[in-house]
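J.: These are the residues of each chain, in order.
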Amino acid sequence: MTNDNGFPLLSLIAYTPLIGCILLLFLKKEDHKKIMYTAFGVSIVDMFFSLLLLFGFDSSQAGMQFVERFSWIPTLGVDYHFGIDGISLLLILMTTILSAIVVASSFSAIHERVKEYYVSLLFLQAGMLGVFMSLDLFLFYIFWEVMLVPMYFLIGIWGGGRRLYSAIKFFLYTLFGSLFMLLAILTLYFLNRNPSYGTGVFTFDLLELYKMNLPLWPFQIWLFLAFFLGFAIKVPMFPFHTWLPDAHTDAPTAGSVLLAGVLLKMGTYGFVRFCLPLFPAGSHYFVPLIAVLAMTGIVYGGLVALAQKDIKRLVAYSSVSHLGFVMLGMFALNPQGITGSVLQMINHGISTGALFLIVGIIYERRHTRLIQDFGGLSQQMPIFAVFFAITMFSSIGLPGLNGFVGEFLILVGAFQYKKIYAAIALLGIILGAAYMLWLFQRVMFGPLDKPENRNLEDMNAREIAYMTPLILFMVWIGVYPKPFIRIMEPAVMGIVQKVNPDWEKHQSMVAESVAKIPAVPAAAKGTESR
Amino acid sequence: MTTRPTDIGMTAILPESILVSAACLLFILVPFVPKEKRAWLGYFSIGALVLTALSLISLWGEHLSAFSGMIVLDSYALFFKMVFLIIALLVILISIRYLQIERVHLGEYYGLVLFATVGMMLLASATDLLSFYLSLELMSMSFYVLAAFMRKDPKSVEAGIKYFLIGTFTSGLILYGIAFLYGASGTTNLKGIQSLLSPQSLHASPLLLLGLVLLIAGLGFKISAVPFHMWAPDVYEGAPTTISAFLSTGSKAATFAAMLRILISGLSFGYGAWWQILWPIAVLTMTVGNIAALVQTNVKRLLAYSSIAHAGYILIGIIAASKIGMASVLVHLVAYVFMTFGAFTMVVLLCKTNSRGDQVGDFKGLARNHPAVAAAFVLFALSLVGIPPTAGFVGKLFLFSAAIQGGFYWLVIIAVLNSAISLYYYFKIIRAMYMEEPQGKTSPLSFSRPLIVALGIVSFATLFIGLFPEPLIRAAIQSIQVFL
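Line order of the protein sequences matches chains A and B.
In terms of numbering that gives the first Met the number 0, the first sequence is residues 0 to 529.
In terms of numbering that gives the first Met the number 0, the second sequence is residues 0 to 483.
To be clear, the hints were calculated from the coordinates, so they are not data collected in a lab.
Be a bit skeptical, because a hint or two may be false.
Here are a few chain B residues that face chain A, going by a calculated C-beta distance under 10 Å [what the hints assert, rightly or not]:
#1 R102
#2 V103
#3 L105
#4 I160
#5 F163
#6 L164
#7 F392
#8 V415
#9 F426
#10 Y433
#11 E435
#12 P468
#13 E469
So the derived list for chain B, only partly shown, Cβ under 10 Å to chain A, looks like this [stated by the list, open to error]:
#14 R37
#15 W39
#16 H369
#17 Y408
#18 A419
Pairs of lysine-lysine residues, derived as DSSO-like cross-links and limited to a Cα-Cα distance of at most 30 Å, are as follows [as the list claims (entries may be wrong)]:
#19 B:K151 / B:K34
#20 A:K28 / B:K351
#21 B:K190 / B:K36
#22 B:K161 / B:K322
#23 B:K322 / A:K210
#24 B:K351 / B:K154
Using N, Cα and C, we set each Cβ at its ideal position, and we do this for glycine too.
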């Protein structure tokens with residue numbers, strides 16, 4: 000057993016929601032209030048625990064911190080191995096914060112089977128946190144799969160529309176991909192035993208497997224593809240995205256927020272944490288494929304979003320487009336690209352999460368999500384209009400808000416890899432502005448001609464309370480992203496070193512500029528390149 | 000490995016002797032026990048099983064051979080005997096109330112269950128084709144009667160007859176195969192066959208190959224591998240649910256135990272031939288089992304196809320035939336026993352005086368009234384699909400790693416695709432439980448204390464093996480040392 004600061008803080012964060020689940024089981028089914036407040040309390044406590052990580056975290060180090068390690072299944076070489084670096088830290092914070100917000104947003108939305116609902120939410124939270132903390136592939140796989148179950152129930156029980164279809168589709172797609180990933184994990188495990196490729200021990204330890212030296216053909220290519228299938232379905236990349244609009248549209252608001260905010264990030268996180276460092280040569284080899292898929296996703300997602308009649312479906316397709324950006328930046332394989340990509344994961348979690356909450360707010364009032372049922376809402380709901388507008392601008396990538404910083408860094412990265420990639424990705428930003436502004440125009444402006452919309456209430460205090468932190472983060476990252484970038488920088492550089500070591504030679508000055516972004520010249524350059 | 004001088008081989012069959020005596024005693028007791036006290040016979044057999052288990056524990060670590068090498072008591076046999084005793088114990092626990100509901104609460108039932116268990120235990124010990132055949136018959140004979148135990152229900156009688164006819168046909172195949180093997184080697188002892196024959200003798204004598212094929216076909220019937228699986232859905236559907244559970248776990252595990260021993264310690268000279276026979280059988284078994292299960296609306300039939308599919312997965316371990324491969328057979332069999340048993344227990348729970356409770360529709364809305372029971376079923380379904388942290392995941396992980404280590408990439412890819420398919424039909428039941436409303440008035444479930452104990456044991460085991468597989472893995476690896 001090793002644990003460098005004596006206290007298993009990561010385990011505490013990961014299992015607090017599970018303890019919450021057990022607490023909920025002891026409450027009476029009919030006592031909705033108590034159940035809601037207990038769930039909220041647990042998620043808030045968990046959020047504070049995760050904020051404690053910030054105090055102990057040393058952002059100058061690239062290695063794993065808060066490491067917890069016990070032998071779990073010694074005959075197989077499986078360890079219980081938790082640890083985080085800057086990238087996982089940011090995602091963990093995002094998960095705990097979003098989870099707390101989501102619990103608060105469900106108070107008025109869920110009236111049926113309340114207890115099961117909050118148990119599922121908390122269970123889901125534990126699974127998501129575990130994924131971001133695991134450094135043992137076996138452990139990682141367990142959390143990765145476990146978290147599908149509560150999501151299945153969230154969509155299937157509390158969803159709308161074709162919930163049964165969407166729930167099983169979500170589960171089947173993800174399971175299909177992850178099983179191939181499991182095969183790749185097992186192959187890695189046996190290859191590592193072979194002294195000519197690995198360290199000669201039976202282990203699922205990720206850090207140990209990083210040291211492997213696999214030939215490109217056949218191992219890196221096949222293993223990369225197997226992992227790719229697992230992660231690409233989760234991201235989801237074009238053409239594996241078809242489960243996403245269904246799942247998003249039919250999930251309850253909380254489900255959509257967590258799906259967009261956190262679950263999709265598991266796919267991109269998987270690429271950063273596993274694909275790039277484990278298969279550097281394979282990653283290089285597949286850059287064109289992934290870039291083409293990512294760009295197709297960006298443009299296709301944008302175009303399809305333009306044509307949507309359902310607000311939630313529109314936001315879902317916008318996710319396909321945004322996640323295309325994340326993937327494009329990551330596979331530029333340079334510090335800017337990967338930094339932008341990780342930052343954009345956070346940004347997408349915040350702004351798309353917020354968009355789904357906004358859809359939830361009007362859905363609760365009107366029980367419809369069709370764009371044509373709205374119009375002129377800004378007269379009736381001015382506060383709502385402000386929140387919606389800021390969120391929308393953040394999603395478009397307006398300078399001064401978070402979306403801009405991430406997209407800008409991604410474009411810088413992609414531009415350096417191949418200019419045409421950045422050019423095509425720009426199309427996506429334009430499309431993004433188009434579908435978002437058009438949506439806003441149709442929903443918020445124009446005459447208030449539908450009688451049902453005349454009596455809509457504006458956002459209440461609770462809704463303002465849970466939306467405000469998201470808005471604050473949008474502005475904070477947009478104006479001063481440096482703390483976020485600094486936390487992840489050593490980790491990002493570590494990954495770049497592994498996957499693209501030649502980078503250093505000719506690009507030390509660019510690496511410097513990463514730390515400075517967004518200094519004024521960089522911002523100016525950004526507007527130029529638009 | 001030698002027989003003790005003072006011993007005429009009785010130590011090696013001590014557990015079986017205890018169980019046989021208990022079963023005989025039980026048959027004698029039956030007429031003396033009044034009708035309303037028949038549950039005591041169930042508790043009596045539980046006592047017998049526990050006593051047998053204690054005798055097994057006292058023999059732990061022994062390595063005895065008896066009856067001129069026909070029976071052996073080694074770590075492998077001990078492992079499986081323990082598993083069979085647990086299965087028998089669970090069967091009796093879930094039977095007591097069920098038999099009352101189906102109005103066939105007869106004492107002979109328990110005796111037959113014990114006899115079947117003795118057959119299984121001997122199967123795991125058989126090191127001679129003849130003792131293997133005799134043990135298989137002992138087990139099967141008891142099952143023929145048990146399958147038709149609800150003698151007033153035409154479906155049950157049909158199941159019994161069907162199983163009997165197919166079973167005798169199977170016995171014929173196996174005997175014929177044994178005859179050919181005897182003809183080629185001059186002995187029925189597995190060690191003898193192994194030492195007398197070599198890969199070349201397969202080429203020299205096509206009749207030896209024919210014997211091998213016949214033997215594998217016969218075993219294939221018993222483990223319900225495709226294309227020898229036709230009987231399984233009908234028999235599982237018609238037989239009393241407790242017996243379906245016993246058949247699908249006990250009988251299958253016992254046949255696999257014997258199959259692994261025969262193929263590894265007796266016929267490994269023919270590995271080059273038999274893995275090529277088993278490969279397509281495994282692929283067909285997985286695929287047909289899973290695809291046929293997709294369209295079932297009867298839970299017992301669905302579980303029958305699921306158990307066919309699982310036989311296909313387990314064959315992967317036998318095909319790999321490596322250390323991990325053999326261990327994976329043991330690990331997955333144990334996982335399979337618990338999760339399948341759990342799933343059948345649910346059907347027993349739903350069985351009421353006015354309905355058989357074996358339709359998917361009968362599960363509708365179960366989660367509302369019985370959240371704990373529904374949650375237990377979710378656990379079994381996850382385990383059957385192979386989603387962590389459950390026993391089924393550990394089993395599949397082992398099987399897949401055996402295949403990958405052995406280089407059977409296509410086999411494992413087909414297995415993976417099948418696992419993904421299987422999600423759909425298991426979750427059809429979960430969907431009914433959680434996401435659909437109950438139809439009409441719901442009558443209470445058939446709870447009874449023994450059944451709750453059984454359900455508790457199975458759920459606990461399914462979860463425990465998933466979270467802490469270390470003891471099971473150790474035991475499995477320890478057990479297969481005899482083959483290395």
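J.: Need the list of violated hint numbers for this structure, in ascending order.
T.: Result: hints 1, 2, 3, 4, 5, 6, 14, 15, 16, 21 and 22 break, sorted rising.
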